[in-house]
Amino acid sequence: MAELEQANTPLIDPATVPGAISLTAAPAAKTKKQKPDRGGYICGVGRRKSSVARVRIKPGTGKLIINRKELKEYFPLLKDQNQVLAPLKATEADSRFDVVINVKGGGTTGQAGAALLGIARALSNFDESLERPLRELNLMTRDGRMKERKKPGQRGARRRFQFSKR
1 MAELEQANTP LIDPATVPGA ISLTAAPAAK TKKQKPDRGG YICGVGRRKS
51 SVARVRIKPG TGKLIINRKE LKEYFPLLKD QNQVLAPLKA TEADSRFDVV
101 INVKGGGTTG QAGAALLGIA RALSNFDESL ERPLRELNLM TRDGRMKERK
151 KPGQRGARRR FQFSKR
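With the first letter of the sequence shown counted as 1, position 87 gets the number 87 in the UniProt record's numbering; the numbers rise by one all the way through.
Just so you know, the hints here were simulated from the structure itself, not pulled from any lab data.
All values reported here derive from a predicted model rather than from experimental measurement.
Wrong hints could be hidden among the right ones.
Said to hold, decoys possible - Keeping only pairs whose Cα atoms sit at most 20 Å apart, straight-line, the calculated DMTMM-like set for lysine to aspartate or glutamate is:
#1 Lys104 - Glu73
#2 Lys104 - Glu128
#3 Lys69 - Asp94
#4 Lys58 - Glu70
#5 Lys35 - Glu128
#6 Lys150 - Glu136
#7 Lys58 - Glu148
#8 Lys35 - Asp127
#9 Lys104 - Glu136
#10 Lys89 - Asp127
#11 Lys89 - Glu148
#12 Lys63 - Asp37
#13 Lys35 - Glu131
#14 Lys151 - Glu131
#15 Lys104 - Asp127
#16 Lys150 - Glu131
#17 Lys89 - Glu128
#18 Lys147 - Glu128
#19 Lys35 - Glu73
#20 Lys49 - Asp80
#21 Lys79 - Glu128
#22 Lys69 - Glu92
#23 Lys35 - Asp98
#24 Lys63 - Asp98
#25 Lys58 - Asp127
#26 Lys58 - Glu131
#27 Lys49 - Glu148
#28 Lys165 - Glu148
#29 Lys49 - Asp127
#30 Lys89 - Glu131
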């Protein structure tokens, strides 16, 4: 037993030798939450497929603007509207925040997914207690699925050219 204790003790005392690494674990770093910018906004960035959404939220009346348009005007499909509103409904914050979203690239589904992640991250930056319900509903997780590339010698990513036996 004494041999094991001796093996675990460092040969160099980190307290006396500068630059020596100690065996004790370093204290956990505290996560810094974002401070509001000059306009009082908290930011969050979301990505999905080839879309990038830059989201800014601040306490307000529940206005939601996407690329200078209303939600229903920018996303006419109900599934996309519900996807964008999901983090606000999960935290019951749909009428407590004004949300401004600038989204670029991709199609409507990718843009809605990017906006969802951006809103979730902005809410988490605003208040740490909102992160748990968002994470439980998988709204804080980036969807890494991308379009598979077309392969040479094939018609598409998986589809082959028509095979003729004779």
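| query | Which hint numbers doesn't this structure obey? | reply | Going through the list in order, the structure violates hints 2, 6, 7, 9, 11, 14, 15, 16, 18, 19, 21, 22, 28, 29 and respects the others.
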